[in-house]
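Protein chains: 2
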Amino acid sequence: MTKITLPTLADIEAASKRLQTHAVLTPLIENPPLNEKAGGRILLKAESLQRTGSFKFRGAYNFLSQIEPAARINGVVAYSSGNHAQGVAAAAQIFDIPATIVMPSDAPLMKVENTRGYGAEVVLYDRVNESREEIAAEISQLTGATLVPPYDHPWTIAGQGTVGLETVDQCEIIGVVPDAVLVCCGGGGLTAGIATALAARSPNTKVYTVEPDGFDDTRRSLEADTRVANDKSSVSICDALLTPMPGELTFAVMQQHKLTGLTVSDTEVCHAVAYAWRHLKLVVEPGGAVTLAAILSGKIDCRGKTIAATLSGGNVDAAVFRDCIRSS
Amino acid sequence: MTKITLPTLADIEAASKRLQTHAVLTPLIENPPLNEKAGGRILLKAESLQRTGSFKFRGAYNFLSQIEPAARINGVVAYSSGNHAQGVAAAAQIFDIPATIVMPSDAPLMKVENTRGYGAEVVLYDRVNESREEIAAEISQLTGATLVPPYDHPWTIAGQGTVGLETVDQCEIIGVVPDAVLVCCGGGGLTAGIATALAARSPNTKVYTVEPDGFDDTRRSLEADTRVANDKSSVSICDALLTPMPGELTFAVMQQHKLTGLTVSDTEVCHAVAYAWRHLKLVVEPGGAVTLAAILSGKIDCRGKTIAATLSGGNVDAAVFRDCIRSS
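Chains as they are written, first to last, in our numbering: chain X, -9 to 318; chain G, -9 to 318.
Quick caveat, the hints were computed from the structure, so don't treat them as lab data. Treat the hints with care, as some may be off.
For chains that are exact copies, the list does not tell them apart, and a pair is met inside one copy or across any two.
Calculated cross-link-like contacts (lysine to aspartate or glutamate; reagent style DMTMM-like; alpha-carbon spacing at most 20 Å) [what the hints assert, rightly or not]: (1) 7 x 313; (2) 222 x 26; (3) 27 x 169; (4) 27 x 291; (5) 7 x 169; (6) 248 x 58; (7) 289 x 238.
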């Protein structure tokens, strides 16, 4: 393993080259009625349309492409509630590397099915009584498989940072510099990657994290200027964002670029999922809709501004989706 | 009114200029697993992401922009089951022209609500016992409102043709020439527009229409080399495509370019709506999913080919959508 350092723009550009023929250049979507509602210009980076239905493919592919050939034969192992699982499984399938994914037994069914569909072996665990880190470490020790971290690694962060690079490129094509970028934030891999890309390529754009209530570890950590954890009893429909606390590396990047944290309620998220369905015609999962929820609920003032927002994923079970669109 | 002639590439280019700051440049979406499933390269022109949730805004805006200022004050009138209704209402709102839309009382609720939401007056009629053409003609006579035809007019066709122009431009950017383009076909406005654009800009690309079973008037008309009508007792979930027969103008364009017609069943359409939800993360209405249905059900052989397909709209009621994703 290489020495751990913070990723740079050059790392993100290198990741972008690696991903070129494998990842989807996801569109930056604009919707005039949403602009009118927000009173500004809203540009949605729809990573729900990414391969595997979330941005996680980017970081996973970038990581796997840098595993030495001799180590590939022993496979990879990862733990994830679902989007990282699918990203690693799909990337492993491309590289023809065996993959084992440790997933909670209450993960969304679609995420478990899709992960198996990409050819990975899924090991389910009990979220309350077992440690996914320990299970993954055991598998790694037994098989020699390389652990693919979900967010706290420079290769992962650099891969996710390509979302930021593309956003800046796409904004340049339409001749705008966004005043702010909103990022759906769990462990912070996407946030750290985008913050790195933006600091280098669009330094006047402010980066905000958006988290669900009860999982606002990033917001509180940024305010306290040190990493703090979430209450273990917290619950949220945003299954993709239920991380215990910011990563060491990801938080260092967020501190460096002086990010600000926003939060939204599950009700606001559910409304945003329904809004995306009804008005934008996009399928967005709860965790991927927190940024849109922040815009729609006025958590950020968009009036007269250009705001880019990631929609980080679209892997949502039919029952949850039906509930969201029924309640809207 | 100007003399009726077939629209040209120049008309489509002029429409494109008019639409530039008002319509969404919809993405051409590629999904690696769909490519693998089809055995070729599938490029989806997602008009579901267009303003008003369908391509119809393009033709409506292009038409309204050419109504003489003196006539605008008397307003516009249109009849439509929903997508043309929303397109005309939204365009009229931009031009600040009063709009009256004649809609069947069994039109999807979302389409009626959205049309009212754009500020139009909606007049409901009984599809079995009343004639929408007569009601619209009466309104036009009483008020002096200009009738905005749903498909059989060169201004409308030229507006819809901008979908074809963009598809060719977007294919050029990624360095491909599509072997074929599949178009969701009702009255044929989108088809005629795309066929005109393709004939001029990408003459080696073959254009196929796709219709639901029971509403395959275009396929049968192309085979008979003359316009034939559908059986009045036909039913389909594709509410956007339930036109009685091809338009005079639109069919003349389709004949000229020697199009071929394909058909799909409602079951195949429902499966495509669910596939788009589950795998592509796109909300597509039944009528907008017929092209995807043709690909998924093997009605066209995509192996080794590059196929562009329009997803023409995404305005679907929650109940129908839930039924589709539940049955998948």
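One pair to classify: residue 222 and residue 26, alpha carbons no more than 20 Å apart. Within, between, both, or neither?
neither (39 Å within a copy, 42 Å between copies)
Can you tell me if residue 289 and residue 238 fall within 20 Å by alpha carbon in one copy, between copies, both or neither?
Cα proximity of residue 289 and residue 238: none, with 27 Å in one copy and 53 Å across.
Cα distance capped at 20 Å. Does residue 7 pair with residue 169 within a copy, between copies, both, or neither?
neither (27 Å within a copy, 28 Å between copies)
Same-copy or cross-copy closeness of residue 248 to residue 58 [CA-CA at most 20 Å]
Answer is neither: 35 Å inside a copy and 54 Å across each miss the 20 Å cutoff.
Is it within, between, both, or neither for residue 27 and residue 169, if the alpha carbons may be no more than 20 Å apart?
within (18 Å within a copy, 41 Å between copies)
Is it within, between, both or neither when you check residue 7 against residue 313 at 20 Å Cα-Cα?
neither (40 Å within a copy, 42 Å between copies)
At 20 Å max between alpha carbons, let me know whether residue 27 reaches residue 291 within a copy, between copies, both or neither.
within (11 Å within a copy, 44 Å between copies)
Hint compliance for this structure: hints 1, 2, 5, 6, 7 are broken, all remaining hints hold.
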